[in-house]
Amino acid sequence: MSTASAWSVALLGMEGTLIEVEAAIGGGLPRTVLVGLPDAALYEARDRCRAAVAGAGLSWPNQLLTINLTPASLPKAGSHYDLAIVSAVLAASGVVPHAIAASSVLVGELGLDGRVREVQGVLPALLAARDAGFEAAIVPARQVAEAELVAGLRVLGVSCLADLIEVLHGRPVLGGAYANEPPTVQPPDYAPDLADVRGQPDACWALEVAAAGGHHLFLHGAPGVGKSMLAERLPGLLPDLNNAEALEVSAIHSLVGRPLNGGLIRRPPYSNPHHNASMAAMVGGGARVARPGAISIAHRGVLFLDEVPEFSARVLDALRTPLETGKVTIARSASQVCYPARFQLVMAANPCPCGMLGVPGANCTCTPMSVRRYNERLSGPMLDRVDIHHRLLPSRLGLADAPAGESSKKVAERVRLARERQAERLMGTPWQLNGEIPGAELRRLPRARGMSLLDDAVRSGRLSARGVDKVLRLAWTLADLDGKDRITRVQLASALGLRHDGWRCAA
Amino acid sequence: MADLNLAPIGSKGLGAWGEKYAADYLVGLGWMVVERNWRCSVGEADLVCLEPGPGELPTGVVVEVKCRSGSGFGDPLEAITYAKQRKLRQIAAVWRQVSGLGLSGLRVDAVGILKLPGVAPLVRHVRGVA
Numbered sequence: 001m002s003t004a005s006a007w008s009v010a011l012l013g014m015e016g017t018l019i020e021v022e023a024a025i026g027g028g029l030p031r032t033v034l035v036g037l038p039d040a041a042l043y044e045a046r047d048r049c050r051a052a053v054a055g056a057g058l059s060w061p062n063q064l065l066t067i068n069l070t071p072a073s074l075p076k077a078g079s080h081y082d083l084a085i086v087s088a089v090l091a092a093s094g095v096v097p098h099a100i101a102a103s104s105v106l107v108g109e110l111g112l113d114g115r116v117r118e119v120q121g122v123l124p125a126l127l128a129a130r131d132a133g134f135e136a137a138i139v140p141a142r143q144v145a146e147a148e149l150v151a152g153l154r155v156l157g158v159s160c161l162a163d164l165i166e167v168l169h170g171r172p173v174l175g176g177a178y179a180n181e182p183p184t185v186q187p188p189d190y191a192p193d194l195a196d197v198r199g200q201p202d203a204c205w206a207l208e209v210a211a212a213g214g215h216h217l218f219l220h221g222a223p224g225v226g227k228s229m230l231a232e233r234l235p236g237l238l239p240d241l242n243n244a245e246a247l248e249v250s251a252i253h254s255l256v257g258r259p260l261n262g263g264l265i266r267r268p269p270y271s272n273p274h275h276n277a278s279m280a281a282m283v284g285g286g287a288r289v290a291r292p293g294a295i296s297i298a299h300r301g302v303l304f305l306d307e308v309p310e311f312s313a314r315v316l317d318a319l320r321t322p323l324e325t326g327k328v329t330i331a332r333s334a335s336q337v338c339y340p341a342r343f344q345l346v347m348a349a350n351p352c353p354c355g356m357l358g359v360p361g362a363n364c365t366c367t368p369m370s371v372r373r374y375n376e377r378l379s380g381p382m383l384d385r386v387d388i389h390h391r392l393l394p395s396r397l398g399l400a401d402a403p404a405g406e407s408s409k410k411v412a413e414r415v416r417l418a419r420e421r422q423a424e425r426l427m428g429t430p431w432q433l434n435g436e437i438p439g440a441e442l443r444r445l446p447r448a449r450g451m452s453l454l455d456d457a458v459r460s461g462r463l464s465a466r467g468v469d470k471v472l473r474l475a476w477t478l479a480d481l482d483g484k485d486r487i488t489r490v491q492l493a494s495a496l497g498l499r500h501d502g503w504r505c506a507a
Numbered sequence: 508m509a510d511l512n513l514a515p516i517g518s519k520g521l522g523a524w525g526e527k528y529a530a531d532y533l534v535g536l537g538w539m540v541v542e543r544n545w546r547c548s549v550g551e552a553d554l555v556c557l558e559p560g561p562g563e564l565p566t567g568v569v570v571e572v573k574c575r576s577g578s579g580f581g582d583p584l585e586a587i588t589y590a591k592q593r594k595l596r597q598i599a600a601v602w603r604q605v606s607g608l609g610l611s612g613l614r615v616d617a618v619g620i621l622k623l624p625g626v627a628p629l630v631r632h633v634r635g636v637a
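One line per chain: the protein sequences are G and D, in this order. By the count of this note's numbering, the first sequence reaches residue 507 at its end, each step adding exactly one. By the count of this note's numbering, the second sequence reaches residue 637 at its end, each step adding exactly one.
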C-alpha cells in the first residue's frame, strides 16, 4: 500500500478552498475509485487521467487505486483537478518524487493525449492558494500570464503530461515560454468617443454627472436619439480601476472563462445583456454551484439595460437588492455563494411602444392603455433607485449644424478631478462616491445653502423624503464638478432638474 | 512445473496452461490443491485449495485464474467483474457445503498471469477479492 498527495483548489463562487488529492494504491482487484463528492465532470476525470497517462506511455497502477478529495464533505465540481489527480497517482506509484506534488497547487485539465488544457477561474483559485500559504503553483502553460498576476507565487507552466513529470522532478521545462508569447490578437482598445454624440449637450452633461458621482442613470426618448450611443460611452469617462478593484474584476472575469492574457483588467467593464436575459444570466445561477451573472461581470463597471421595459419584471426586480448592497448572494441546495456586484446601472427606454410619444412633430399611434401598460413594466421602487432621469429629445439644430461635443478625454479629466474631491471628503468612510453615501451619512456632511428650494418641493408633493437624499447626493456631485466645497442653490436647482421623472409624466 | 517454453498458442490452451501454472505457484506457497475445474450448479471454480492456518484447521480458498498473452485488453485481473465476484462467492459457499471439510475460514482469491512471448510469466496474486 503506497500513498501520495497533491493539492488543488475548489472554488465556491469567489472563495477558494484548498483540496488535498490523496491517492492510495494496493489491496484489491485493479480498479480506480474516486471519492469525495465529485460532480459528473470531475468523476469523469478518472477516465480522462487514465487515458492521458497511457497516452504519455506510462502505466496506470494495476491494483486497487483509491483517489480521495479532502475535505470529503465539500461538494467539488469542474475539470481542473486532473493535474492534481495525475500527480498524486504518479507519486504514489513511484514515477515521480512526492515532495513537489505535495507542496504545490495544481490546476489544469488533461486531454486524452496528455495535453494540458486551460480551465476557468485560475486567478481566484491561486489567490486562495497564496492566502493559504502555498509558494508554488503549476498551471496550464497558456495561463501562466494569468497566474502570474498573483504576486508572491512561483508559477510553473506545463503544456503536456511529459512537462508535468519533468516539473514534478524539479527539472525546468519550456512550458513557461508560452508566457512570452504575445497575447492573442486583441483589437486595439476601441473606445467610442463622446465627441461622436451630436446635438445632445444636456444628455452628455447628465452622463458626465453620472460618471463623476457613480449615479445610476435612466435615459428615455424616441428611437434613434442616441440613448445606446451615450451608454456605450460611459465606461470611457470612468477612471482606471485601482489595484484591489482590478484584482476583483479580473477574478470574476477569470471565473466566467475570459482570458486574462493582457494582465489585470484595468478599465471598468461594460455589460449589456439582451432583454430576453434569464434570471440566472442576470444575477448568476446554475444547477449545483451558481456562476456569476451579468451584474457581477459589470462589477466596478457599467451595466446597460437597453429597452428596459422589455426585460421580465422578475429579472428587473432581482436587481433591487444588489443595487443596495453591491453584492449578490445566491443560495443553492449544495452551497451558497456570494459574488460582488457593485455596478453602475444605465437603463434606456422608449416613451411608448411605438416610440413617438411626446416627440415634437411626430404622431404616436399607441392607445393610452398600451402606453400605460408599457410604463408600468418598470416598477416604482426600481425607478426610485435611479438618481438621474434624463429625457432625450431629438436635436433641434440639424445634425450637420450641431457642434461636436467635447471629447471623452476632456470629460474624463473633469470626472477624475471630481472623484478626487469626493475621495478627499469621504476619507475615513467605506464609501468612495457620492452615489454610494447612505442618507444618514449624507446629513453629517456640511449643510447645503438654499434648502428652502427642496422644502418647497417636499411641501408641494413633488419630492419624497428619500428623494431629498437623492437630490442632495446629485448636488454634491455637481458641486464637485464645479470645484465647490459647499452645495448652494444653483446645484440644488440643477439636481432637481436631473431627477425630474419625465417617464411617468409621459403616460 | 509447467514448461515455460511450451506455453501454448490459442486462448483455450493458454487458459489451461495458466491454471496449471497457478496451481504450481500455490503449491509452492505450501498450499494444497484439492480440486481443479470444480463444477456445481452455480458455475465452475478454476482451483480450490487449502491454505494452512491460521489455527489447526486450514482455510478454504476458491481461486480464479486469469491468464493473458498481452496487455492489450488491460490487466488480466481487470477481467474479474462484479458479476464474476458474486458468482465466485456463491461457488465457494456451495463447495464448502458439498465438501463437508472442517475449515477455519473461506476466501476467494484471484491469480493473474501475464505471459508475454519470450519473457517469464508475471504472476499477481490478490487475496480476498470477493
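No wet-lab data here; the hints were simulated from the structure. Since the structure is predicted, the reported quantities are computational estimates derived from the model, not experimental observations. Where a beta carbon is used, it is the ideal one built from N, C-alpha and C, also for glycine. Don't take each hint at face value.
Unchecked claim - To be clear about the criterion: a stretch of chain D counts as covered by chain G if any three or more of its residues have a C-beta under 8 Å from a C-beta of chain G, and this derived list gives those stretches:
| # | region |
| --- | --- |
| 1 | 518-524 |
| 2 | 576-588 |
To be verified - Quick list of the computed label-pair ranges, beta carbon to beta carbon:
| # | chain 1 | residue 1 | chain 2 | residue 2 | range |
| --- | --- | --- | --- | --- | --- |
| 3 | G | SER335 | D | GLU563 | 56 to 66 Å |
| 4 | G | ARG332 | D | GLY517 | 50 to 60 Å |
| 5 | D | ARG603 | G | LEU112 | 40 to 50 Å |
| 6 | D | GLY635 | G | ASP47 | 22 to 32 Å |
| 7 | D | TYR589 | G | SER333 | 23 to 33 Å |
| 8 | D | LYS519 | G | ALA99 | 46 to 56 Å |
| 9 | G | SER335 | D | GLY517 | 56 to 66 Å |
| 10 | G | ALA72 | D | VAL534 | 42 to 52 Å |
| 11 | G | GLU15 | D | PRO624 | 51 to 61 Å |
| 12 | D | PRO624 | G | LEU112 | 24 to 34 Å |
| 13 | G | LEU112 | D | GLU563 | 26 to 36 Å |
| 14 | G | ASP47 | D | ARG603 | 31 to 41 Å |
| 15 | G | GLY57 | D | GLY517 | 24 to 34 Å |
Verification of the supplied hints:
With a threshold of 8 Å between beta carbons, the proposed coverage of the region 518-524 of chain D by chain G is violated, since 0 of its residues qualify and at least three are required. With 5 residues having a Cβ less than 8 Å from any Cβ of chain G, the region 576-588 of chain D passes the three-residue criterion, so the hint holds. For SER335 (chain G) and GLU563 (chain D), the hinted distance range of 56 to 66 Å is satisfied, since their beta carbons lie about 58 Å from each other. A C-beta distance of roughly 58 Å is found between ARG332 (chain G) and GLY517 (chain D), which places it inside the suggested range of 50 to 60 Å.
Range check, ARG603 (chain D) to LEU112 (chain G): about 46 Å between beta-carbon atoms, so the 40 to 50 Å window is met. Range check, GLY635 (chain D) to ASP47 (chain G): about 27 Å between beta-carbon atoms, so the 22 to 32 Å window is met. Under the hint 23 to 33 Å, the C-beta atoms of TYR589 (chain D) and SER333 (chain G), about 31 Å apart, fit the expected range. For LYS519 (chain D) and ALA99 (chain G), the hinted distance range of 46 to 56 Å is satisfied, since their beta carbons lie about 50 Å from each other.
For SER335 (chain G) paired with GLY517 (chain D), a C-beta distance near 57 Å keeps the hint of 56 to 66 Å intact. Separation of ALA72 (chain G) from VAL534 (chain D) is about 44 Å and conforms to the stated range, judged on CB atoms against 42 to 52 Å. Range check, GLU15 (chain G) to PRO624 (chain D): Cβ separation about 56 Å, and the 51 to 61 Å hint holds. The beta-carbon spacing between PRO624 (chain D) and LEU112 (chain G), approximately 29 Å, falls within the hinted interval of 24 to 34 Å.
Separated by about 55 Å at the C-beta atoms, LEU112 (chain G) and GLU563 (chain D) break the suggested range of 26 to 36 Å. The supplied range of 31 to 41 Å is met by ASP47 (chain G) and ARG603 (chain D), whose beta-carbon atoms lie about 38 Å from each other. Taking 24 to 34 Å as the suggested C-beta distance range, the pair GLY57 (chain G) and GLY517 (chain D) conforms, at roughly 30 Å.
Hint violations for this structure: numbers 1, 13, all remaining hints satisfied.
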